[in-house]
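Build out the structure end to end from the sequences listed, making use of the hints.
Single-letter residue listing:
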Amino acid sequence: MKRFLYALSFFILLVVAWRTAVEAGLWSPVLLPAPESVANYLWSSIADGTLAQATLVTIRRLLVGYSIGLLIGLPLGLLTARFKICEDTIGFLALGLQTLPSVCWVPLTLLWFGQTENAMLFVVVMGSLWSVVIATDNGVRHVPPIYARAARTMGSKRLHIWYAVILPASLPFLVSGMKQGWAFAWRSLMAAEIYVTILTGFGLGQLLHFGRELNAMDQVIGIMFVIVLIGLLVDKILFSPWETFLHRRWGTAGT
Amino acid sequence: MMSIWPELVSSSRCTIPGEPPGCGAVISQQTPCEQASLAQAKVVVENVSKVFVTKRGSLEALENVSLQVNEGQFVCLVGQSGCGKSTLLNIIAGLEKPDCGRVLADGKPVTEPGADRMMMFQESALFPWLNVIENVLFGLKLKPNLTRSERFEAAEFYLRLVGLKKFMHANIHELSGGMKQRVALARALAPHPRVLLMDEPFAALDALTREQLYADIQQIWERQKKTIIFVTHNVREAACLGDRVLVFSRHPGRINEEFVIGLRRPRDINSVDLANYASIITLALKETLVFESRGKPLGQAEVAALSS
Numbered sequence: 001m002k003r004f005l006y007a008l009s010f011f012i013l014l015v016v017a018w019r020t021a022v023e024a025g026l027w028s029p030v031l032l033p034a035p036e037s038v039a040n041y042l043w044s045s046i047a048d049g050t051l052a053q054a055t056l057v058t059i060r061r062l063l064v065g066y067s068i069g070l071l072i073g074l075p076l077g078l079l080t081a082r083f084k085i086c087e088d089t090i091g092f093l094a095l096g097l098q099t100l101p102s103v104c105w106v107p108l109t110l111l112w113f114g115q116t117e118n119a120m121l122f123v124v125v126m127g128s129l130w131s132v133v134i135a136t137d138n139g140v141r142h143v144p145p146i147y148a149r150a151a152r153t154m155g156s157k158r159l160h161i162w163y164a165v166i167l168p169a170s171l172p173f174l175v176s177g178m179k180q181g182w183a184f185a186w187r188s189l190m191a192a193e194i195y196v197t198i199l200t201g202f203g204l205g206q207l208l209h210f211g212r213e214l215n216a217m218d219q220v221i222g223i224m225f226v227i228v229l230i231g232l233l234v235d236k237i238l239f240s241p242w243e244t245f246l247h248r249r250w251g252t253a254g255t
Numbered sequence: 001m002m003s004i005w006p007e008l009v010s011s012s013r014c015t016i017p018g019e020p021p022g023c024g025a026v027i028s029q030q031t032p033c034e035q036a037s038l039a040q041a042k043v044v045v046e047n048v049s050k051v052f053v054t055k056r057g058s059l060e061a062l063e064n065v066s067l068q069v070n071e072g073q074f075v076c077l078v079g080q081s082g083c084g085k086s087t088l089l090n091i092i093a094g095l096e097k098p099d100c101g102r103v104l105a106d107g108k109p110v111t112e113p114g115a116d117r118m119m120m121f122q123e124s125a126l127f128p129w130l131n132v133i134e135n136v137l138f139g140l141k142l143k144p145n146l147t148r149s150e151r152f153e154a155a156e157f158y159l160r161l162v163g164l165k166k167f168m169h170a171n172i173h174e175l176s177g178g179m180k181q182r183v184a185l186a187r188a189l190a191p192h193p194r195v196l197l198m199d200e201p202f203a204a205l206d207a208l209t210r211e212q213l214y215a216d217i218q219q220i221w222e223r224q225k226k227t228i229i230f231v232t233h234n235v236r237e238a239a240c241l242g243d244r245v246l247v248f249s250r251h252p253g254r255i256n257e258e259f260v261i262g263l264r265r266p267r268d269i270n271s272v273d274l275a276n277y278a279s280i281i282t283l284a285l286k287e288t289l290v291f292e293s294r295g296k297p298l299g300q301a302e303v304a305a306l307s308s
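Protein chains in written order, with the working numbering: chain C, 1 to 255; chain R, 1 to 308.
Honestly, the hints are just simulated from the structure, not real lab data.
There's no promise every hint is true.
No farther apart than 20 Å at their CA atoms in a straight line, the calculated lysine to any residue pairs in the SDA-like style are these [said to hold, decoys possible]:
{"id": "1", "chain 1": "C", "residue 1": "157", "chain 2": "R", "residue 2": "145"}
{"id": "2", "chain 1": "R", "residue 1": "108", "chain 2": "R", "residue 2": "71"}
{"id": "3", "chain 1": "R", "residue 1": "143", "chain 2": "C", "residue 2": "147"}
{"id": "4", "chain 1": "R", "residue 1": "141", "chain 2": "C", "residue 2": "161"}
{"id": "5", "chain 1": "C", "residue 1": "179", "chain 2": "C", "residue 2": "145"}
{"id": "6", "chain 1": "R", "residue 1": "166", "chain 2": "C", "residue 2": "249"}
{"id": "7", "chain 1": "C", "residue 1": "157", "chain 2": "R", "residue 2": "112"}
{"id": "8", "chain 1": "R", "residue 1": "165", "chain 2": "C", "residue 2": "249"}
{"id": "9", "chain 1": "R", "residue 1": "97", "chain 2": "C", "residue 2": "145"}
{"id": "10", "chain 1": "R", "residue 1": "141", "chain 2": "C", "residue 2": "167"}
{"id": "11", "chain 1": "R", "residue 1": "286", "chain 2": "R", "residue 2": "82"}
{"id": "12", "chain 1": "C", "residue 1": "157", "chain 2": "R", "residue 2": "141"}
Stretch by stretch, here's where chain R covers chain C in the computed footprint (C-beta under 8 Å, at least three residues) [claimed, not checked]:
{"id": "13", "segment": "152-159"}
{"id": "14", "segment": "217-227"}
{"id": "15", "segment": "237-251"}
Restraint ranges, calculated between C-beta atoms of paired labels, are given here [claimed, not checked]:
{"id": "16", "chain 1": "C", "residue 1": "142", "chain 2": "R", "residue 2": "82", "range": "45 to 51 Å"}
{"id": "17", "chain 1": "R", "residue 1": "275", "chain 2": "C", "residue 2": "241", "range": "54 to 60 Å"}
{"id": "18", "chain 1": "R", "residue 1": "99", "chain 2": "C", "residue 2": "82", "range": "24 to 30 Å"}
{"id": "19", "chain 1": "C", "residue 1": "252", "chain 2": "R", "residue 2": "99", "range": "37 to 43 Å"}
{"id": "20", "chain 1": "C", "residue 1": "210", "chain 2": "R", "residue 2": "170", "range": "52 to 58 Å"}
{"id": "21", "chain 1": "R", "residue 1": "148", "chain 2": "C", "residue 2": "168", "range": "18 to 24 Å"}
{"id": "22", "chain 1": "C", "residue 1": "64", "chain 2": "R", "residue 2": "51", "range": "35 to 41 Å"}
Cβ atoms here follow ideal geometry from the backbone N, Cα and C, with glycine treated the same way.
Put into structure tokens, the structure is as follows:
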């Protein structure tokens with residue numbers, strides 16, 4: 001409760017500071033809208049359904065793209081950890097492509113897929129896939145060999161060792177890798193949505209983009225709020241339970 | 001089946017029959033003593049050699065090691081670190097392959113690990129992603145023909161046996177070192193292996209916890225009639241637990257000498273008799289060291305010098 005109060009007063013203070021800056025008139029209202037006009041925008045966009053619509057479109061792209069990234073990344077990571085040849089080829093490729101900011105995929109993607117949903121998905125997959133591969137690979141390599149030995153003496157064989165020992169043993173790495181993959185997917189999707197306007201659905205990034213074109217800073221800042229909020233929610237809903245489980249089971253320091 | 005100990009005295013021709021020796025402990029030094037018949041042998045190691053090849057050269061971990069362990073025997077392998085005793089245990093477990101020679105378990109050649117030979121390690125090797133009872137269930141789940149409730153009952157039984165039933169839902173990191181090894185013991189016992197291979201399982205524990213575990217393991221061994229091969233570098237531990245203590249030399253690793261411990265069970269690690277046994281075995285261990293550096297056995301005078 002005490003922590004909550006501290007956090008609450010911190011954010012109230014932040015808004016007050018913002019409000020004061022607007023009052024002082026240091027910047028034109030076009031550049032820095034008042035908190036209430038941002039709130040107004042959010043309220044009206046909730047009321048007319050545009051916000052919900054855009055959020056839905058964005059989340060769907062994100063979830064589908066991220067799931068594909070996981071489904072491909074996890075097995076690839078296992079392969080690179082298991083086979084030297086995969087490590088030298090796919091592993092090296094993953095390492096290289098992970099350093100490539102996923103926005104860089106956008107121009108190519110547009111040529112390949114045009115202004116379609118697939119273009120969006122592709123960028124998200126490319127954004128998340130490689131860090132998932134690397135995290136999985138890393139996780140598997142950090143599994144103490146004694147676990148597999150112990151399992152083998154208990155009669156565990158190849159495939160069983162993989163899914164009953166190696167995979168759960170590398171969970172701490174997998175979860176942090178999945179989290180990183182998520183963060184990359186989220187960033188790349190926003191970049192893609194801002195750059196690519198497609199007619200099959202307007203996402204949050206596109207609303208942000210329109211806000212800029214219309215000089216509607218209240219819209220821009222309002223959407224930014226929503227994006228941050230979604231990021232926080234996903235962290236709490238998707239990853240926190242896993243992390244809590246890991247902290248409890250492994251006994252690592254945690255909340 | 002009668003208790004293991006009297007049977008051993010009578011079957012082992014090299015042991016001095018009758019009362020175990022008193023203060024002036026007399027230990028029979030066995031030349032590879034032909035024990036009973038092969039049919040009784042639970043684990044047979046035949047002329048096993050193993051060489052590890054590294055960048056800096058090859059290391060002869062085991063050279064022509066032969067060994068026979070009978071059903072229900074408790075055999076301790078002692079030796080300096082690096083003498084190949086753990087390698088031998090891994091080979092018996094089927095985790096490593098010998099370069100030549102072979103291992104028979106129940107008369108069948110060992111080619112891979114099997115649930116009939118369960119292994120316990122120095123670190124507990126418990127799985128941190130499972131809680132206590134799930135760890136014990138791991139091996140049980142790999143046994144076919146058991147129902148869910150049978151598995152659960154077995155897991156509970158063995159946790160009770162090691163005195164940790166209360167902690168069945170605890171996480172591994174919440175246990176002390178001694179408790180972890182108890183859970184590891186329960187996990188190894190649960191699938192009901194006939195042979196238990198223990199690789200310095202108590203080496204990382206404090207003295208008091210170890211003493212408690214010596215008592216526990218002796219009790220469990222007697223009750224459950226397991227065959228145990230126990231690797232340690234602690235001579236007292238070996239004398240306390242083993243029916244037979246095999247002394248390893250290193251570079252190359254071989255069995256140098258064998259001692260039959262004629263003390264009544266349960267044995268107390270602090271007893272004077274046991275200390276006498278231990279000092280004699282220690283002497284034999286020291287001999288292997290001198291032997292290692294000179295390449296030939298000691299003379300009488302040198303043995304006398306070492307023992308003084």
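For each hint, the structure was consulted:
1. C:157 x R:145: Distance ~18 Å between residue 157 of chain C and residue 145 of chain R Cα, so the pair holds.
2. R:108 x R:71: 15 Å, holds
3. R:143 x C:147: 19 Å, holds
4. R:141 x C:161: 13 Å, holds
5. C:179 x C:145: 26 Å, violated
6. R:166 x C:249: Since the Cα atoms of residue 166 of chain R and residue 249 of chain C sit roughly 18 Å apart, the hinted pair holds (cutoff 20 Å).
7. C:157 x R:112: 10 Å, holds
8. R:165 x C:249: 19 Å, holds
9. R:97 x C:145: With a Cα-Cα distance of about 17 Å, the restraint between residue 97 of chain R and residue 145 of chain C holds, given a limit of 20 Å.
10. R:141 x C:167: Answer holds: residue 141 of chain R to residue 167 of chain C is near 18 Å, not above 20 Å.
11. R:286 x R:82: 15 Å, holds
12. C:157 x R:141: 13 Å, holds
13. 152-159: holds (count 5)
14. 217-227: violated (count 0)
15. 237-251: That given contact holds, which follows from 4 residues of the segment 237-251 of chain C lying within Cβ reach (below 8 Å) of chain R.
16. C:142 x R:82: 45 to 51 Å: 27 Å, violated
17. R:275 x C:241: 54 to 60 Å: 56 Å, holds
18. R:99 x C:82: 24 to 30 Å: 26 Å, holds
19. C:252 x R:99: 37 to 43 Å: Given a distance of about 42 Å, which is inside 37 to 43 Å, the answer is holds.
20. C:210 x R:170: 52 to 58 Å: 56 Å, holds
21. R:148 x C:168: 18 to 24 Å: 20 Å, holds
22. C:64 x R:51: 35 to 41 Å: 55 Å, violated
Of the hints listed earlier, those the structure fails to meet are numbers 5, 14, 16, 22, in rising order.
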